[in-house]
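First to last, the protein sequences are chains A and B.
The end of the first sequence is residue 337 by full-length UniProt numbering, with every number in the run present.
The end of the second sequence is residue 480 by full-length UniProt numbering, with every number in the run present.
Think of the hints as simulated: they come from the structure by calculation, not from any bench.
As the structure is a prediction and not an experimental result, all values here were calculated from the model.
For each residue, glycine too, the CB sits at the ideal point set by N, CA and C.
Please note that the accuracy of each hint is not assured.
What the hints assert, rightly or not - Over the 12 Å line for every Cβ pair with chain A, so calculated as not near, a few chain B residues:
(1) F66
(2) T72
(3) E77
(4) V105
(5) S141
(6) H242
(7) A245
(8) K303
(9) V352
(10) V382
(11) T442
(12) E457
Said to hold, decoys possible - Label pairs and their in silico Cβ distance ranges:
(13) B:V158 to A:I227: 42 to 50 Å
(14) A:T304 to B:V158: 44 to 52 Å
(15) B:P422 to A:T304: 28 to 36 Å
(16) B:K210 to A:N39: 55 to 63 Å
(17) A:N39 to B:V20: 35 to 43 Å
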Amino acid sequence: MTTLQILWFVLIGVLFAGFFFLEGFDFGVGMALKTLTKNKAERDALVASIGPHWDGNEVWLITAGGALFASMPNWYASLFSGFYIPLFLVLLALIFRGVSFEFRAMMKFEKNQGIWEWATAIGSFVAPFMLGMIFTAMVKGMPMDAQYNVRGHFFDFVNIFTLVGGVAVVLMSYIHGLNFIRIKTIGDIRQRAADWAQKLYLVLFAGEVVFAVLVYIYTDFFTKKPILTMLILALIVLSSVVSYLATLKDKEVVSFVTSGLNLVGVVALLFVGVFPRTMVANDAAHSLLIQNASSSPYTLNLMTWITVFALPVVLAYQIWSFYVFRERLTVGKKSGH
Amino acid sequence: MDVALSVISLARFQFGMTTVFHFLFIPLSIGLGLIVGVMETMYVVKKNELYKHMAQFWGKIFLLSFAVGVVTGIIQEFQFGMNWSEYSRFVGDIFGAPLAIEALVAFFLESTFIGLWMFGWDRFKPGLHVAFIWITTLGSSLSALWILAANSFMQNPVGFLLKNGRAQLVDFPALLKNHQLWLEFPHVMFGSFLTAGFVVAGMSGFALMKKKNVKFFRKSMQIGLIIGLVATFGMLATGDRHSLALETDQPMKFAATEGLMEDSGGKNKSQAWALAGQYDEKNHTSVWEVDVPYVLSLLAHHKLTGFNKGENTVNKELHAKYDKKFGKDMNYYVPTNALFLSFHVMAMAAGVFGMVAVVGLWFSRKKYTDEWLVKQKWLLWVLGVVTFLPFIANTAGWLITELGRYPWVVYGYLTIADAVSPNVSAGSMLFSNILFFVSFATLGAVMVYLSARVLREGPDDLMIDETPVTDPFAEEAFKK
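Put together the whole structure using the sequences plus the hints.
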């Protein structure tokens, strides 16, 4: 394994972590659209809160996919063909969710708007759920052949571990979204978001314990990297405790940042646990290793230079865009678009 | 049916379906980005509110097409790994790079700045706000450039070495210098401008029949037609260059587009052009043809004489060249009727565009009054019908490009059969195909419905003067 290969493994992890941190909250807001709001004015406010951002957030996933293809084509091929149906459902969810914002804005009648609000809400639920399932199944180990093709059956994809993984990502995204709503709104809906979040943190704490136990049962993380695994698990718990306390004290930005770190922590746990593999096979000999998965040094080098120059620029204008749309939205006031 | 075969057919069908659907909206959104940019720039320069309303009104259609274009684009990136995993393993070293660069330098740009444009009308000075639409359009154009760099590699592989059965990138600049890219990219860009130009002109035609907002739609129509006319010339020039290159790059594709089963012409012989025709794809003969003398020589060689190989000759050459690598049983014939028809539809559409633009511009000169123009129902109908033609022509263009490289995914190196995912079941692919089809049909229908409604409602809501009239006896108060 070369330094470049490790660097790209880390970068792909960073891109996925960035994706979950950013799109995590707009998934959460999307789900809240149908579970937290009481009237159209509140729904308008929620849609407006993520309107300028969700598209840019989603590009983190697209970039992660592209980077995976470019830097570790074997991983990309094994993962995407191996998790065909769950990934297809992610795509379907992202398609309908993606058009729903624009279509809702153009619909005249509340009833027709409602259809696209459901598209937002369901899409915002299905995508993180399926991604959570995919990532947990990936670290659990799948039946793979010598050419690294995943040949799994239904229960390889759907079992208690992957279901908990799916629910965990959904729950974390939802809480993260509620924290974003607390930053972006005032009044009744903000208070309701805080109340909900406080209750859901208790579920999350229980969930984290269950998840840790399942990681112990289903993966080799504890046997292969006990110290790192426990350290990261501790950090995940710590960030959610801080997030919870910040919610109680109404420190909205702290709770938002830490609920995002929660998601980042899960991605970190999975990537650290898998290393130096990329895809874990039931038969250890068939696991796809970073060194077998990656592109040539030439391509990795090229991609590194491009990333070094492009990523800071991307970060700069994305942060600027968040800064531009920083003020709170008042429910009932028409905004922009 | 053989199971392996049906997986390939399903994967091919999915690639065709998703690409064609994606490419209905991409040229429209790139082109509308340009047109809206032009309109908003005119507002900034001339300070005339009419242009601002035009940018906002056509901006609605732009945002719709952008949304559908974006979501169908994600499928493109994912389906290589999902349906074509062997392909991904073979070319990932090369093909992945442009895709990743596209996301990093182009897609972030357009998706962030379109947010700023969409929600920033009240927050920024006009001079800065207009920059956002131009940056978005620049981002979309860069996207197109990188995607086409990837596609060009498949049509004309360059800059790599075969190592352990994989293609390995050794010369990145070669990917960008690929002559195929510089044939495709300008053609696609002009195609985008053309599409949006005739969509704006055509929709304006429909709107003018209602005799409302005549000034607004007449101006829109003129802008659309001017951009459409310039783009038509660009299409003809780039298309011509593309055809010339095909004769040597992919002679089978060229022969099929012209319906040449047998060799045509010679050193001092002229070549007749098949205006229409039907071909027997089993026996590789022509069933019937309507020929026009000299025209093929003019088109293909810009002279009155010339020579081109027919499919049967090309087939023999390909067998001689590739039998060692791919075996004697490989079929090198492309679907002739589909390519022939697609090419002729595309070429004739270009003629229609040129004529309609000239006629439309002629009759919307200052000399003719608004009252006169809205009475020219025939003209408005022609424009209206032409709204749909660019989409047919764009689809035809992609069908030629992609069907014509049969039997290869990477021309001369990797066949379609060797590229497909070996571990995905036909059932899974059928499931995804059906659901994609239903989803696309839904999105397409909603898109057309919403565009039609935006048009029917017109720009009135944008033109409401937002400053309240304070003096109830002022002249403006009575006008409301």
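Hints, verified against the model:
1. For F66 of chain B, the condition that its CB be more than 12 Å from all CB atoms of chain A is violated, with the nearest at approximately 8 Å.
2. For T72 of chain B, the non-interface assignment is contradicted: its Cβ lies about 7 Å from the closest Cβ of chain A, within the 12 Å cut-off.
3. The beta carbon of E77 of chain B is not kept farther than 12 Å from every beta carbon of chain A, the shortest such distance being approximately 5 Å.
4. The beta carbon of V105 of chain B sits about 5 Å from the closest Cβ of chain A, which is not more than 12 Å, so the claim that it is off the interface is violated.
5. With a cut of 12 Å on Cβ distances, S141 of chain B stays outside the contact zone with chain A, its closest approach being about 17 Å.
6. Taking the minimum C-beta to C-beta distance to chain A, about 27 Å, the non-interface status of H242 of chain B holds against the 12 Å cut.
7. For A245 of chain B, the requirement that its beta carbon stay farther than 12 Å from each beta carbon of chain A is met, with the minimum near 27 Å.
8. The Cβ of K303 of chain B sits about 44 Å from the closest Cβ of chain A, beyond the 12 Å cut-off, so the non-interface label holds.
9. Look at V352 of chain B: its CB is around 31 Å from the nearest CB on chain A, clear of 12 Å, so calling it non-interface holds up.
10. The Cβ of V382 of chain B lies farther than 12 Å from every Cβ of chain A, with a closest approach of about 28 Å, so its non-interface assignment holds.
11. Under the 12 Å C-beta cut-off, the non-interface status given to T442 of chain B relative to chain A is violated; the minimum distance is some 9 Å.
12. Separation of E457 of chain B from chain A is inadequate, the least Cβ-Cβ distance of about 9 Å not exceeding the 12 Å criterion.
13. Between V158 of chain B and I227 of chain A the C-beta distance comes to about 49 Å, which sits within the given range of 42 to 50 Å.
14. A beta carbon spacing of about 23 Å between T304 of chain A and V158 of chain B contradicts the range 44 to 52 Å that was offered as a hint.
15. Distance hint check for P422 of chain B and T304 of chain A: the Cβ-Cβ separation is about 32 Å, which falls inside the suggested range of 28 to 36 Å.
16. Between K210 of chain B and N39 of chain A the CB atoms are about 36 Å apart, so this pair departs from the stated range of 55 to 63 Å.
17. At roughly 41 Å, the beta carbons of N39 of chain A and V20 of chain B sit within the given window of 35 to 43 Å.
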